[in-house]
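2 protein chains.
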Amino acid sequence: MAQHDRSSDTVKAAKTTFVTEITPRSHDFSQWYLDVVRRAELADYSPVKGCMVIRPYGYAIWEQIQQAFDSEFKRAGHVNAYFPLFIPESFLHKEAEHVEGFAPQVAYVTRAGGEELEEPLVVRPTSEAIIGSMYSKWIQSWRDLPVLINQWANVVRWEKVTRPFLRTTEFLWQEGHTAHETHDEAEAEALMILDIYARVAEDVLGMPVVKGQKSESEKFAGALRTYSIEALMGDGRALQAGTSHNLGQNFAKAFDITFQGRDKSVQHVWGTSWGVSTRLVGGVIMTHGDDSGLVLPPRVAPYQVVIVPIGRDDWRETVLPKAREIRQQLAGAGIRVTLDERDERPGWKFAEWELRGVPLRLEIGPKDIEKSTVRVARRDTGAKQDLSMNGLPTPITELLDRIQRDLFERARAYRDERTQRVASYDAFKAAMEGRPGFVIAAWCGSAECEAQIKADTQATLRNMPQEGITGKTAPTGNCVRCDNPARYEAWFAKAY
Amino acid sequence: MAQHDRSSDTVKAAKTTFVTEITPRSHDFSQWYLDVVRRAELADYSPVKGCMVIRPYGYAIWEQIQQAFDSEFKRAGHVNAYFPLFIPESFLHKEAEHVEGFAPQVAYVTRAGGEELEEPLVVRPTSEAIIGSMYSKWIQSWRDLPVLINQWANVVRWEKVTRPFLRTTEFLWQEGHTAHETHDEAEAEALMILDIYARVAEDVLGMPVVKGQKSESEKFAGALRTYSIEALMGDGRALQAGTSHNLGQNFAKAFDITFQGRDKSVQHVWGTSWGVSTRLVGGVIMTHGDDSGLVLPPRVAPYQVVIVPIGRDDWRETVLPKAREIRQQLAGAGIRVTLDERDERPGWKFAEWELRGVPLRLEIGPKDIEKSTVRVARRDTGAKQDLSMNGLPTPITELLDRIQRDLFERARAYRDERTQRVASYDAFKAAMEGRPGFVIAAWCGSAECEAQIKADTQATLRNMPQEGITGKTAPTGNCVRCDNPARYEAWFAKAY
Numbered sequence: 001m002a003q004h005d006r007s008s009d010t011v012k013a014a015k016t017t018f019v020t021e022i023t024p025r026s027h028d029f030s031q032w033y034l035d036v037v038r039r040a041e042l043a044d045y046s047p048v049k050g051c052m053v054i055r056p057y058g059y060a061i062w063e064q065i066q067q068a069f070d071s072e073f074k075r076a077g078h079v080n081a082y083f084p085l086f087i088p089e090s091f092l093h094k095e096a097e098h099v100e101g102f103a104p105q106v107a108y109v110t111r112a113g114g115e116e117l118e119e120p121l122v123v124r125p126t127s128e129a130i131i132g133s134m135y136s137k138w139i140q141s142w143r144d145l146p147v148l149i150n151q152w153a154n155v156v157r158w159e160k161v162t163r164p165f166l167r168t169t170e171f172l173w174q175e176g177h178t179a180h181e182t183h184d185e186a187e188a189e190a191l192m193i194l195d196i197y198a199r200v201a202e203d204v205l206g207m208p209v210v211k212g213q214k215s216e217s218e219k220f221a222g223a224l225r226t227y228s229i230e231a232l233m234g235d236g237r238a239l240q241a242g243t244s245h246n247l248g249q250n251f252a253k254a255f256d257i258t259f260q261g262r263d264k265s266v267q268h269v270w271g272t273s274w275g276v277s278t279r280l281v282g283g284v285i286m287t288h289g290d291d292s293g294l295v296l297p298p299r300v301a302p303y304q305v306v307i308v309p310i311g312r313d314d315w316r317e318t319v320l321p322k323a324r325e326i327r328q329q330l331a332g333a334g335i336r337v338t339l340d341e342r343d344e345r346p347g348w349k350f351a352e353w354e355l356r357g358v359p360l361r362l363e364i365g366p367k368d369i370e371k372s373t374v375r376v377a378r379r380d381t382g383a384k385q386d387l388s389m390n391g392l393p394t395p396i397t398e399l400l401d402r403i404q405r406d407l408f409e410r411a412r413a414y415r416d417e418r419t420q421r422v423a424s425y426d427a428f429k430a431a432m433e434g435r436p437g438f439v440i441a442a443w444c445g446s447a448e449c450e451a452q453i454k455a456d457t458q459a460t461l462r463n464m465p466q467e468g469i470t471g472k473t474a475p476t477g478n479c480v481r482c483d484n485p486a487r488y489e490a491w492f493a494k495a496y
Numbered sequence: 001m002a003q004h005d006r007s008s009d010t011v012k013a014a015k016t017t018f019v020t021e022i023t024p025r026s027h028d029f030s031q032w033y034l035d036v037v038r039r040a041e042l043a044d045y046s047p048v049k050g051c052m053v054i055r056p057y058g059y060a061i062w063e064q065i066q067q068a069f070d071s072e073f074k075r076a077g078h079v080n081a082y083f084p085l086f087i088p089e090s091f092l093h094k095e096a097e098h099v100e101g102f103a104p105q106v107a108y109v110t111r112a113g114g115e116e117l118e119e120p121l122v123v124r125p126t127s128e129a130i131i132g133s134m135y136s137k138w139i140q141s142w143r144d145l146p147v148l149i150n151q152w153a154n155v156v157r158w159e160k161v162t163r164p165f166l167r168t169t170e171f172l173w174q175e176g177h178t179a180h181e182t183h184d185e186a187e188a189e190a191l192m193i194l195d196i197y198a199r200v201a202e203d204v205l206g207m208p209v210v211k212g213q214k215s216e217s218e219k220f221a222g223a224l225r226t227y228s229i230e231a232l233m234g235d236g237r238a239l240q241a242g243t244s245h246n247l248g249q250n251f252a253k254a255f256d257i258t259f260q261g262r263d264k265s266v267q268h269v270w271g272t273s274w275g276v277s278t279r280l281v282g283g284v285i286m287t288h289g290d291d292s293g294l295v296l297p298p299r300v301a302p303y304q305v306v307i308v309p310i311g312r313d314d315w316r317e318t319v320l321p322k323a324r325e326i327r328q329q330l331a332g333a334g335i336r337v338t339l340d341e342r343d344e345r346p347g348w349k350f351a352e353w354e355l356r357g358v359p360l361r362l363e364i365g366p367k368d369i370e371k372s373t374v375r376v377a378r379r380d381t382g383a384k385q386d387l388s389m390n391g392l393p394t395p396i397t398e399l400l401d402r403i404q405r406d407l408f409e410r411a412r413a414y415r416d417e418r419t420q421r422v423a424s425y426d427a428f429k430a431a432m433e434g435r436p437g438f439v440i441a442a443w444c445g446s447a448e449c450e451a452q453i454k455a456d457t458q459a460t461l462r463n464m465p466q467e468g469i470t471g472k473t474a475p476t477g478n479c480v481r482c483d484n485p486a487r488y489e490a491w492f493a494k495a496y
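So the protein sequences, as listed, match chains W and C. Taking our numbering, I'd label the letters of the first sequence as residues 1 to 496. Taking our numbering, I'd label the letters of the second sequence as residues 1 to 496.
It should be emphasised that the hints constitute simulated quantities derived from the structure, not laboratory data. Here the structure is a predicted model, which means the values were calculated and not measured. We treat Cβ as the ideally placed atom computed from N, Cα and C, and that holds for glycine. Check each hint, because a few of them may be wrong.
[As the list claims (entries may be wrong)] So the derived list for chain W, only partly shown, Cβ under 8 Å to chain C, looks like this: (1) 109; (2) 121; (3) 130.
[Claimed, not checked] Interface residues of chain W toward chain C, partial, derived using beta-carbon atoms under 10 Å: (4) 80; (5) 86; (6) 104; (7) 106; (8) 112; (9) 143; (10) 157; (11) 302.
[Claimed, not checked] FRET-style restraints, in silico, Cβ to Cβ: (12) C/266 / W/420: 57 to 63 Å; (13) W/342 / C/325: 52 to 58 Å; (14) C/266 / W/116: 42 to 48 Å; (15) W/417 / C/93: 51 to 57 Å; (16) W/192 / C/216: 53 to 59 Å; (17) W/402 / C/90: 36 to 42 Å.
Produce the entire structure from the sequences given, and follow the hints as far as they go.
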């Protein structure tokens, strides 16, 4: 009877119900994304324009991502703290480029506690200003350095066009803010964080990324240099997945953050700041998802395994006890597992958990119990196999590791297929008109060429992988646009 | 030579430096509190009036508290989510009592993205309104119930008089919001959460609490009933340490949260909400601290053990390698340990870590290495003993457990000594004029008597322990104030 309920008819019928509600990915990627976010209950629109609600399943993914980054930051010597949500308006004006970059997006509290405020308060779009003002109090001597602080917080940037996770008026993120004695220490910190970002993105989110430096026109408002990790989404558009800034002494000068150096002279500190946000949840969806919905890498999956009992009407008596035993066994081995005990048909449950991207499904029916096996189905490939009920945690853990690797490799192969090096502007334009992806091209370094490329192709300069303290590789040839000698090799793409 | 550096002279000299910076607790409790917060680097004032910065050491305590609650909530079937910071002003007005309670404390965003907003947005003082509006979308059937959601978030309430951790304009908290089919289920949830609050407060924070129901005049704006846990601080004043509300159907009616019941009829859900906040960090300070500063219960201590190397100038060669070995050994056993490698005198380090409340100090000097022992000093009692370096994690873990229990017992004994039952109003007033604490008295239930007691004695009704679903114990005698028959036995105190 297990065979009966597992029949493709049942599954197909149930699937149809779901699939009709999800636009096929190949048909309309953008609508598919919104459908997955809604149907998998990752997020919902709120009554406040541009602000989303992160629903429990979406938030559980974020919690996994948070934990992965948080432990890496702490391992590298960082500590968490919390700074105020509000920033006096005048503070934002202290760093000229910073205010220019953020002022148009800012929300102001003008009235509070029944009174008009003398000075409006800005709802933080980022915290360099408020943190800078504190660092100027806390830092006196080179002995106080480095200061390595991170905060997990909400920030607000008024956006005209929003999209769940990818661009919302309020979002959650971490923002690291460090202060150092020298330029080189700040630079090393910014690049070390970039390495952490890339490692977690690849190893935990299964999302291959390109590490590199941003161009002058794309750098953070107030930074000396900005580095980023860039990923390629399933529609061939790039996603800036994290940024790390060497702030130089810009904020130190604006907020008077000085220290007495080893040579007794008074100097300004060298700063960094860096952040990743709930945008990464969007990145996971768009990197791995398929027509049936979400596909989650095991390391970010709220549930790595779902157990679905199969059987006739008496499944609660015949199958459920064994299913619970197996749940216990897997949970005891540290596997995140859920057992679907709802009164629904197995086929309905299969489709629901596929939609929600659970990496492995375990089916247990009376026949399986007789044979002392379970049937295991992979979400990513659909491959099925029977495993002995004895010692299940070991092969399940191995399968989860395999899925984690395979998802990353699949995403990397996809990225590599859609990455091409071009030597002429015509080839650049042709590439951007065809199947989109990354285009690598030599660039002279002028903002004018960068802007013209964007105007002609909609592609923006994502980053320059060889730049930074690690030394730059001389590009071959001349600028793809102006034909003057090239200074950089840059990655371009249409981007989110 | 270890003996030399450990001499009481050295320690005393160093201590003096610190102690002069902390007002003695017995002299001025309030100033002592502020001194500890500042000197132990728990929090700092920010440039925004009423908003504090939670510094890394204070935040690390909060992280321990968060983890303890979060795992309890999850064990009880709750999931985390995230709702918007902003609430349309009109939403706040939907529940009449709610708006009356919160409107005076609210901050408004009136301008954003370069424009005046058509409708001002409220910065959430609490999230019943915005969450209610979402629940009305999500909940359709009794099958969707219960909804058991928690969120970790910042909230803003404009306060005239603020105090780090205890009362700040912005603070961090968790707010649970649940929806149920029946009144009794909501009541059971509110009381179950109250039990979690009490258990974590007592077992993790070492802070004895009284569980009970709030009076009508002290209940949450919009609730049917409010329950609280109340603790007694070192100055004899009470701290409301957490609240759990049975919201009845008030918000369900205001936000139209309905479901089709098992009998097919359309009904309003029954709600609860509940929260604890960064105020608890203040509670820990004021429950356990002493003249030398902070005293942290091991379960919330960022560092449970600090290792201080002792020795002459060559301690880096003679002592440090062994100290590092021991740090590894303890860290490997899951003990949170730090090793103070700074170039400062041991006495200076002793005083510093006492100030910061680290439960156990391990001293290692050349003599100790010869004998293969370490000297261990308890922060709470000052008691010292020598332990063999071999198998150190076991006795250290036992000592930490012992300290955890002892701190709780000490706080409970203190609380019990300062709790008295009074039968007359004169005795009540005398109690409140003398050494303050809890006063238990019979109360008729009238708001008038409650208000008069407050006017006469400054004591507020903290809660009524026997009330609620667990059934109420009939109080003996008549109302302490009006002499009419009493309906409740209530706990009163001057409070934060």
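Outcome of the hint check:
A cut of 8 Å between beta carbons decides the hint on residue 109 of chain W: the least distance to chain C is about 5 Å, and the hint holds. Because the beta carbon of residue 121 of chain W sits about 7 Å from the nearest beta carbon in chain C, less than 8 Å, this interface hint is met. Using the Cβ-Cβ criterion of 8 Å, the hint placing residue 130 of chain W at the interface with chain C is satisfied: the shortest such distance is roughly 7 Å. Annotation: interface hint on residue 80 of chain W holds; nearest CB of chain C at approximately 5 Å, less than 10 Å.
For residue 86 of chain W, the shortest C-beta to C-beta distance to chain C is roughly 5 Å, which falls under 10 Å, so the interface hint holds. Because the smallest distance between the Cβ of residue 104 of chain W and any Cβ of chain C comes to about 6 Å, under 10 Å, the interface hint for this residue holds. With a cut of 10 Å, the hint placing residue 106 of chain W at the interface with chain C holds, because the nearest CB-to-CB distance is about 7 Å. The closest approach between the C-beta of residue 112 of chain W and any C-beta of chain C is roughly 4 Å, which is under the 10 Å cut-off, so the hint is satisfied.
Among the interface hints, the one on residue 143 of chain W holds; its C-beta lies about 9 Å from the nearest C-beta in chain C, closer than the 10 Å criterion. Taking 10 Å as the C-beta contact cut-off toward chain C, the hint placing residue 157 of chain W at the interface holds, the least distance being around 9 Å. Interface restraint check for residue 302 of chain W: the shortest CB-CB distance to chain C comes to about 9 Å, inside 10 Å, so the restraint holds. For the pair residue 266 of chain C and residue 420 of chain W, the beta carbons lie near 59 Å from each other, so the given range of 57 to 63 Å is met.
Distance hint check for residue 342 of chain W and residue 325 of chain C: the Cβ-Cβ separation is about 54 Å, which falls inside the suggested range of 52 to 58 Å. Between residue 266 of chain C and residue 116 of chain W the beta carbon distance is about 44 Å. The supplied range of 42 to 48 Å therefore holds. Between residue 417 of chain W and residue 93 of chain C the CB atoms are about 56 Å apart, so this pair conforms to the stated range of 51 to 57 Å. Taken as a hint, the range 53 to 59 Å holds for the pair residue 192 of chain W and residue 216 of chain C, whose Cβ atoms sit roughly 57 Å apart.
Separated by about 53 Å at the C-beta atoms, residue 402 of chain W and residue 90 of chain C break the suggested range of 36 to 42 Å.
In this structure, the one hint that does not hold is number 17.
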